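Protein chains: 2
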Amino acid sequence: MKTAPVVADILLPQGFAFSSTTAGIKVSGSPDFALVEAFQGAAAAAMFTTNRVMAAPLIVDRDHLKRSRGRMRALVVNSGNANCATGKHGIDGCQAVCRAVADELVCDPEEVFPSSTGVIGVPFPAEKLINAVPTLVSARRAEPDAARHFARAIMTTDTRMKIAASRFKRGKSEVTLFGVCKGAGMIHPRLATMLVYLFSDVEATPAELQPMLAEAVRVSFNRVNIDGDTSTNDTVLLLASGESGVKLSTVAAQFAPALAGVCQALAKQIVSDGEGVRHVVNLHIEGARDDAEASQVAKAISNSALVKTAWAGSDPNWGRILAAVGYSGAAVDPSKVDIFFGRHQVCGKGMAAPFNEAEVHTYLSQPVFDVRVRLGRGKVSGTFWTCDLTAEYVRINADYRT
Amino acid sequence: MKTAPVVADILLPQGFAFSSTTAGIKVSGSPDFALVEAFQGAAAAAMFTTNRVMAAPLIVDRDHLKRSRGRMRALVVNSGNANCATGKHGIDGCQAVCRAVADELVCDPEEVFPSSTGVIGVPFPAEKLINAVPTLVSARRAEPDAARHFARAIMTTDTRMKIAASRFKRGKSEVTLFGVCKGAGMIHPRLATMLVYLFSDVEATPAELQPMLAEAVRVSFNRVNIDGDTSTNDTVLLLASGESGVKLSTVAAQFAPALAGVCQALAKQIVSDGEGVRHVVNLHIEGARDDAEASQVAKAISNSALVKTAWAGSDPNWGRILAAVGYSGAAVDPSKVDIFFGRHQVCGKGMAAPFNEAEVHTYLSQPVFDVRVRLGRGKVSGTFWTCDLTAEYVRINADYRT
Chain A
233 MKTAPVVADI LLPQGFAFSS TTAGIKVSGS PDFALVEAFQ GAAAAAMFTT
283 NRVMAAPLIV DRDHLKRSRG RMRALVVNSG NANCATGKHG IDGCQAVCRA
333 VADELVCDPE EVFPSSTGVI GVPFPAEKLI NAVPTLVSAR RAEPDAARHF
383 ARAIMTTDTR MKIAASRFKR GKSEVTLFGV CKGAGMIHPR LATMLVYLFS
433 DVEATPAELQ PMLAEAVRVS FNRVNIDGDT STNDTVLLLA SGESGVKLST
483 VAAQFAPALA GVCQALAKQI VSDGEGVRHV VNLHIEGARD DAEASQVAKA
533 ISNSALVKTA WAGSDPNWGR ILAAVGYSGA AVDPSKVDIF FGRHQVCGKG
583 MAAPFNEAEV HTYLSQPVFD VRVRLGRGKV SGTFWTCDLT AEYVRINADY
633 RT
Chain B
233 MKTAPVVADI LLPQGFAFSS TTAGIKVSGS PDFALVEAFQ GAAAAAMFTT
283 NRVMAAPLIV DRDHLKRSRG RMRALVVNSG NANCATGKHG IDGCQAVCRA
333 VADELVCDPE EVFPSSTGVI GVPFPAEKLI NAVPTLVSAR RAEPDAARHF
383 ARAIMTTDTR MKIAASRFKR GKSEVTLFGV CKGAGMIHPR LATMLVYLFS
433 DVEATPAELQ PMLAEAVRVS FNRVNIDGDT STNDTVLLLA SGESGVKLST
483 VAAQFAPALA GVCQALAKQI VSDGEGVRHV VNLHIEGARD DAEASQVAKA
533 ISNSALVKTA WAGSDPNWGR ILAAVGYSGA AVDPSKVDIF FGRHQVCGKG
583 MAAPFNEAEV HTYLSQPVFD VRVRLGRGKV SGTFWTCDLT AEYVRINADY
633 RT
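As they're listed, the protein sequences go chains A and B.
If you count by this note's numbering, then the first sequence holds residues 233 to 634, one letter each, in order.
If you count by this note's numbering, then the second sequence holds residues 233 to 634, one letter each, in order.
In short, the hints are calculated from the structure, not lab data.
Only a predicted model underlies this, so the values are computations on that prediction, with no experimental measurement involved.
From the three backbone atoms N, C-alpha and C, an ideal C-beta is built for every residue, glycine too.
Treat the hints with caution; some may be incorrect.
[Said to hold, decoys possible] Restricting the straight-line Cα-Cα distance to at most 25 angstroms, the calculated cross-link-like pairs of lysine-lysine (DSS-like) are:
| hint | chain 1 | residue 1 | chain 2 | residue 2 |
| --- | --- | --- | --- | --- |
| 1 | B | 581 | A | 320 |
| 2 | B | 479 | B | 500 |
| 3 | B | 479 | B | 531 |
| 4 | B | 258 | B | 360 |
| 5 | A | 320 | A | 360 |
| 6 | A | 611 | A | 531 |
| 7 | A | 320 | B | 568 |
| 8 | A | 234 | A | 258 |
| 9 | A | 479 | A | 531 |
| 10 | B | 581 | A | 531 |
| 11 | A | 581 | B | 320 |
| 12 | B | 320 | A | 568 |
| 13 | A | 581 | A | 611 |
| 14 | A | 234 | A | 401 |
| 15 | A | 500 | A | 568 |
[Said to hold, decoys possible] Reference listing, derived: stretches of chain B covered by chain A, where coverage requires no fewer than 3 residues with Cβ under 8 angstroms from a Cβ of chain A:
| hint | segment |
| --- | --- |
| 16 | 282 to 296 |
| 17 | 375 to 384 |
| 18 | 503 to 513 |
| 19 | 530 to 542 |
| 20 | 581 to 590 |
[What the hints assert, rightly or not] Here are some chain B residues the structure puts well away from chain A; computed CB gaps all over 10 angstroms:
| hint | residue |
| --- | --- |
| 21 | 256 |
| 22 | 258 |
| 23 | 318 |
| 24 | 547 |
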């Protein structure tokens with residue numbers, strides 16, 4: 233069986249309509265309010281930030297998923313205000329927006345899934361959104377252009393929209409998966425949220441979707457590290473309309489890799505669109521005892537300011553990587569560690585390996601490069617995606633008020 | 233009983249002589265080799281990096297402390313080469329230097345405590361050091377100027393020497409404690425090591441000194457976070473010559489706060505001397521359940537690139553601090569968290585508190601300011617020292633080769 237290719241394009245699954253408008257939250261006047269309707273409803277699976285500070289929409293989402301037993305009719309997203317650290321007023325405002333959308337679509341409010349991204353701690357302007365709901369709902373279309381405008385309306389300081397899709401056949405039927413996201417980190421002050429929405433016409437129950445989503449997130453978004461901060465609003469939502477007439481259980485072997493592939497494509501788009509990012513790094517951890525150990529080492533390396541600033545300067549400074557492995561908490565024997573930049577080995581058994589400085593500097597000057605760390609502990613490997621830390625990043629995140 | 237004041241000056245304890253010379257490791261030609269002799273030997277306590285990648289001198293130190301049962305005759309330090317990731321050759325070279333020093337001083341090699349700071353992964357130039365040992369040893373003097381030159385010779389890219397001292401009376405006798413250190417982080421590529429040496433003429437056993445040192449380090453160096461990286465060479469050494477004739481057991485209530493005070497003074501000097509640092513932050517965590525929880529929250533805040541870049545811009549961005557508290561791993565209820573910048577409350581019960589932006593921006597424009605986070609969990613408080621993350625830091629750490 234062939235794995236379906238992932239494309240950076242819009243392929244629309246059946247059963248979904250998209251819309252966007254300007255509610256007036258963003259000072260720029262750009263679109264800031266967006267909707268996806270599943271005409272016949274959809275089975276939903278979702279994952280949220282692990283941050284204990286959780287924005288109002290996430291609290292409402294959890295409640296709605298529980299009360300609707302994982303059936304959703306609409307997704308509604310605003311950009312420009314995170315509705316976080318806003319207390320009861322924020323919850324009330326979020327619920328009022330859901331009610332307004334439900335009234336227009338003639339469904340239950342708990343079938344509406346709200347999302348917000350933007351500034352933390354600013355009162356949530358529910359009225360502006362409620363006033364814009366009729367326009368938003370009436371503009372919905374099951375067309376690629378509408379999906380494109382949706383992808384743009386959820387952007388904050390992203391410089392480009394982020395989309396990925398995959399499609400495969402099952403007999404005479406066809407299953408489509410379309411993903412869109414915004415974010416994250418390293419972008420704009422207080423607007424570090426990652427929002428990911430995945431739409432498919434496969435037929436599935438929420439209980440079937442949830443473990444499949446968890447696995448796809450594990451090998452994609454959970455392997456991205458930009459600046460080590462975890463947003464208060466991070467959300468990944470998967471909706472399955474069932475309109476293809478193809479049951480997930482009959483195509484799980486095709487759907488799972490398509491889902492992982494779309495998630496990985498979106499994850500890489502997020503890393504490469506970080507403002508201030510000059511180098512995207514494919515970080516391969518090899519010879520780990522298990523997945524947790526590979527993650528632990530990757531996290532220490534990709535959280536290290538010293539490692540990331542060296543990458544910004546295309547500096548083959550493997551000593552900082554070795555030091556990060558050493559303090560990662562993994563029970564690594566340093567004298568068994570090998571480090572490679574692309575095909576160039578720079579550290580062997582924990583000591584300097586002879587290499588051509590100029591050649592490796594040139595290799596590390598590319599916009600995307602590979603770093604490989606062999607731990608010599610076991611047989612588990614994993615690839616993670618991270619980036620450099622540049623002076624531009626600091627400027628963007630420090631100087632926005634002054 | 234009054235706590236003895238801590239001064240940023242040289243007060244020499246009895247029983248120690250200092251020396252420094254140029255062995256030719258540093259390209260600049262600056263002094264790079266330094267010695268302290270305890271004429272009659274000294275009881276020693278030491279703490280080392282928790283990094284699993286441990287430099288050769290630290291491996292030798294542990295062995296020497298064990299074999300000498302904690303009695304040291306000399307401390308010998310080189311700057312310019314970390315002797316880390318240098319394999320067996322590095323261990324052999326380190327031991328050869330100790331033997332050369334022991335030969336000159338007529339003592340056992342295991343009574344010599346070696347330290348190195350500098351570049352990782354470059355072969356250790358033992359011969360250069362061995363050739364300089366006779367000059368180094370013959371230049372030793374029990375004089376403030378010799379101690380001052382010692383403090384300078386162990387510097388790498390520190391911009392100023394770091395010293396602190398305290399002295400108190402016991403009857404007709406006097407106990408002196410003198411500390412000197414170099415480092416750390418946020419300074420120069422690969423030269424992020426913190427080395428701390430504490431000298432006293434109190435009379436004590438190694439077993440008495442060790443827990444007292446551990447407690448002083450806990451409330452000082454372990455509460456400093458510059459860039460979250462842990463060096464491979466970090467070392468804290470306390471030597472007690474006994475020459476004052478005053479037993480530690482009789483002055484523990486005076487010695488313990490003097491030791492903590494000297495360590496805190498040195499820790500603050502380290503933070504404020506980081507290149508690229510524009511703001512030193514006194515981070516007060518209050519209302520924690522226990523010490524571990526206070527540390528966990530302080531670590532998340534002071535590791536956050538988003539928090540530290542906001543501080544660089546004097547931006548009263550409390551949302552990033554609240555988010556860091558949320559992902560710290562502590563079981564905090566966000567709706568009980570208060571945040572203050574100096575006397576200005578900016579967040580109350582997890583929500584925005586009204587404050588004057590211009591006033592708070594001015595407050596955060598000072599070179600040193602206070603951030604206070606109340607967790608509402610318990611009664612434990614702790615103060616930590618950290619700093620901002622500036623574009624200058626990135627430049628220093630990224631561009632040194634290009």
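For each hint, the structure was consulted:
With a C-alpha separation of about 12 angstroms, the suggested pairing of residue 581/B with residue 320/A holds against the 25 angstroms cut-off. Taking the CA atoms of residue 479/B and residue 500/B, the gap is about 29 angstroms. The hint is violated against a cut of 25 angstroms. Our distance criterion of 25 angstroms between C-alpha atoms is broken by residue 479/B and residue 531/B, whose separation comes to about 37 angstroms. Under the criterion of a C-alpha separation no larger than 25 angstroms, the hint pairing residue 258/B with residue 360/B is consistent with the structure, at around 11 angstroms.
Using a Cα cut-off of 25 angstroms, the hinted pair residue 320/A and residue 360/A holds, with the two alpha carbons roughly 18 angstroms apart. The suggested pairing of residue 611/A with residue 531/A holds, with an alpha-carbon distance near 19 angstroms, which does not exceed 25 angstroms. A distance of roughly 14 angstroms separates the Cα atoms of residue 320/A and residue 568/B; the hinted pair therefore holds under the 25 angstroms criterion. Taking the CA atoms of residue 234/A and residue 258/A, the gap is near 44 angstroms; set against the 25 angstroms cutoff, the hint is violated.
Of the pairs offered as hints, the one joining residue 479/A and residue 531/A is violated, with about 37 angstroms between alpha carbons and a cut-off of 25 angstroms exceeded. The suggested pairing of residue 581/B with residue 531/A is violated, with an alpha-carbon distance near 31 angstroms, which exceeds 25 angstroms. A threshold of 25 angstroms between alpha carbons decides the hint, and for residue 581/A with residue 320/B the separation of about 12 angstroms falls inside it, so the pair holds. The straight-line distance between the Cα atoms of residue 320/B and residue 568/A is roughly 14 angstroms, inside the 25 angstroms bound, and the hint therefore holds.
At most 25 angstroms may separate the alpha-carbon atoms for a hinted pair to count; residue 581/A and residue 611/A meet this at roughly 17 angstroms. A C-alpha spacing of about 11 angstroms is found between residue 234/A and residue 401/A, which places the hinted pair at or below 25 angstroms, so the restraint holds. A C-alpha spacing of about 30 angstroms is found between residue 500/A and residue 568/A, which places the hinted pair above 25 angstroms, so the restraint is violated. By the rule of at least three residues with a Cβ nearer than 8 angstroms to a Cβ of chain A, the coverage given for the segment 282 to 296 of chain B holds, with 5 such residues.
With 0 residues having a beta carbon nearer than 8 angstroms to a beta carbon of chain A, the segment 375 to 384 of chain B misses the requirement of three or more and the stated coverage is violated. Closer than 8 angstroms: that is the beta-carbon criterion, and the segment 503 to 513 of chain B has 0 residues meeting it against chain A, so the requirement of 3 is violated. Using a Cβ-Cβ cut-off of 8 angstroms, 6 residues of the segment 530 to 542 of chain B lie near chain A, which meets the minimum of three, so the contact claim holds. Taking a C-beta to C-beta cut-off of 8 angstroms, the segment 581 to 590 of chain B contributes 4 residues in contact with chain A, enough for the three needed, and the coverage statement holds.
A cut-off of 10 angstroms between C-beta atoms confirms that residue 256/B is not in contact with chain A; the least separation is 21 angstroms. Residue-level check passed: residue 258/B sits 18 angstroms from the nearest beta carbon of chain A, beyond 10 angstroms. For residue 318/B, the shortest C-beta to C-beta distance to chain A comes to about 7 angstroms, within the 10 angstroms cut-off, and the non-interface label is violated. A cut-off of 10 angstroms between C-beta atoms contradicts the statement that residue 547/B is not in contact with chain A; the least separation is 5 angstroms.
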